[in-house]
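Use these hints to put chain B onto chain A, whose structure you have.
Each protein sequence line maps, in turn, to chains A and B.
For the first sequence, full-length UniProt numbering begins at 1 and goes up steadily by one.
For the second sequence, full-length UniProt numbering begins at 1 and goes up steadily by one.
Just so you know, not all the hints are guaranteed correct.
One copy or two, either will do: identical chains are not told apart, so a pair holds if it fits within one copy or between any two.
Straight-line C-alpha distance at most 30 Å; calculated DSSO-like pairs for lysine-lysine [said to hold, decoys possible]:
hint: 1; residue 1: K179; residue 2: K161
hint: 2; residue 1: K209; residue 2: K179
hint: 3; residue 1: K209; residue 2: K161
hint: 4; residue 1: K165; residue 2: K203
hint: 5; residue 1: K179; residue 2: K217
hint: 6; residue 1: K179; residue 2: K296
hint: 7; residue 1: K165; residue 2: K209
hint: 8; residue 1: K14; residue 2: K179
hint: 9; residue 1: K296; residue 2: K42
hint: 10; residue 1: K203; residue 2: K217
FYI, nobody ran anything at the bench for these hints, they're computed from the structure.
Number of protein chains: 2
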Amino acid sequence: MSPKIISSWVGMTKTDAAVQTLSDINPDVVLESYTLNITTVKGFETFMESLTNKNFRSNMHGSGVDLVLSCVDNYEARMVVNQACNELNQTWMESGVSEDAVSGHIQLLIPGETACFACAPPLVVASGVDERTLKREGVCAASLPTTMGVVAGLLVQNTLKYLLKFGQVSPYLGYNALKDYFPTMEMRPNPQCSNSACMERQKEFILAKPARDAAAKAQMEAEASAGTTECPIHTDNEWNISVVDDNEMESSSGHNNSAALPEGLVHELPNADEFQKPPMQEQIDDVSNDLEDLRKQLDALNAGL
Amino acid sequence: MSPKIISSWVGMTKTDAAVQTLSDINPDVVLESYTLNITTVKGFETFMESLTNKNFRSNMHGSGVDLVLSCVDNYEARMVVNQACNELNQTWMESGVSEDAVSGHIQLLIPGETACFACAPPLVVASGVDERTLKREGVCAASLPTTMGVVAGLLVQNTLKYLLKFGQVSPYLGYNALKDYFPTMEMRPNPQCSNSACMERQKEFILAKPARDAAAKAQMEAEASAGTTECPIHTDNEWNISVVDDNEMESSSGHNNSAALPEGLVHELPNADEFQKPPMQEQIDDVSNDLEDLRKQLDALNAGL
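Next up, chain A with everything else stripped away, as it sits in the complex (with noise of 0.2 Å):
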């Protein structure tokens, strides 16, 4: 950002002048700011408050929101962004760059069905102090924009793909910068998990299964049975794929197939030479006929021994 707009936020906070940033960008889109510690009892109540919130989307069970993004910078954070998660039953999105700025990740968290963060706790965790005011001997803290920039946008494109239901949306997506080298995995729940709402999550996902068996079941059928009726299967034709007789392909081939290029393509390369044809039947027995000739030849030489 540049000074000028960096200035025009001297005095704010972090989440007000986002808010003016991204109003200013969509003035449609109705934003709410909470600045507060969510690790606190008062601050993890307004936390939750501000989850189930439902003026802008009353027909919701449970949450008020679709999705949780979380972009902070600690493991008590993150561990307080789970519990309300699935105390909800929301789904949600964690991001996270590392200490030496050269790696970070994003992983899609959905109650019950995926590990949730306590899930597979770290090996070390912070204790009884802050944990952004520890210093490890021998790693070099740092902070690159550009690590940020890619999470930040591998991050966003995984939500629209999740909100938009398009692509795959990736369980669990690292990046090393340093290779760039981007890991993928899946993580089940933990049926050991030290969380207790997960642990009702994990139930509730496993009673549904026979209504969730049932229910592909279902579509299944009724994806099968529109497929005997005469209407085509793909109602869009991304490659522009036509069934076409053997002849007709016959006839397109060959030297002038840049005429199915649209106006103003031509292929850069040549084509390929032409494949040797195989000889007709015709010329085939000729070569008999020639053998047959030759026979008698050798025959008459014989004869003449």
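Leaving out everything else, chain B in the frame of chain A:
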């Protein structure tokens, strides 16, 4: 960008708007902007002059820039950048987003060493018309700022790695947004490339092989001789590794190893059960003594038969 910023751009060229924004972010950077069509003869000349301008880097050979980044939207302009960089032996990094906005790529092109943009041309190209006016049937032309953001982030991250010499610069990195798939590959130059400047750079690269090999050998030997001196091999110790005596290891292992963590950190999970120690030599001796006893008893039984 917010409408407030965009409104300040009205009447400006894209390049001047970019210069204004970048100057606001960092006034110490010297910026030059050109608005021209590099695919014309005059435009190409101006482009070449801007690359060979050594106002800022008088000590450089060939061109006056460290790296060219291309973010153009058509094949013709890429081929022009390719021509200029091949002629000047200038390393460049190419980037692009697909017409349907759900995939993109970045590519590092080092003249003579890696494939140039003409080494593997696309199968179909525009001819005689502005390719931006072409509309391909069945292709949904779209623009996603998220895809652009991820590709731009990867391009700038690799630029940092290249210029600041850390990590591995990707020779080619693809981005499939629908599947979060990031293919990588290396492309060697085409020995039958249609670009004559590329062919010249390829010859130079092959001729310089003995010099490269000698330099690599000299560096290896320098590193080997440096290793025989008493100074530490690694000046930094990222993982805080130290060589300790076996007895010291033993005494520090066990249940009290959390004492090794800095203040404020605790192990989140309990320690594993202590590994069962193998029986001591005395116990093994006892077993063999028991066997001796049994044999004597057996002998006594046999003698008594």
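Status of each hint after checking the structure:
no., hint, verdict
1, K179 <-> K161, "both (26 Å within a copy, 10 Å between copies)"
2, K209 <-> K179, "between (41 Å within a copy, 27 Å between copies)"
3, K209 <-> K161, "within (25 Å within a copy, 48 Å between copies)"
4, K165 <-> K203, "within (27 Å within a copy, 51 Å between copies)"
5, K179 <-> K217, "between (43 Å within a copy, 26 Å between copies)"
6, K179 <-> K296, "neither (75 Å within a copy, 69 Å between copies)"
7, K165 <-> K209, "within (22 Å within a copy, 53 Å between copies)"
8, K14 <-> K179, "neither (33 Å within a copy, 33 Å between copies)"
9, K296 <-> K42, "neither (109 Å within a copy, 78 Å between copies)"
10, K203 <-> K217, "within (22 Å within a copy, 63 Å between copies)"
In the structure shown, a violation is registered for the earlier hints numbered 6, 8, 9, in ascending order.
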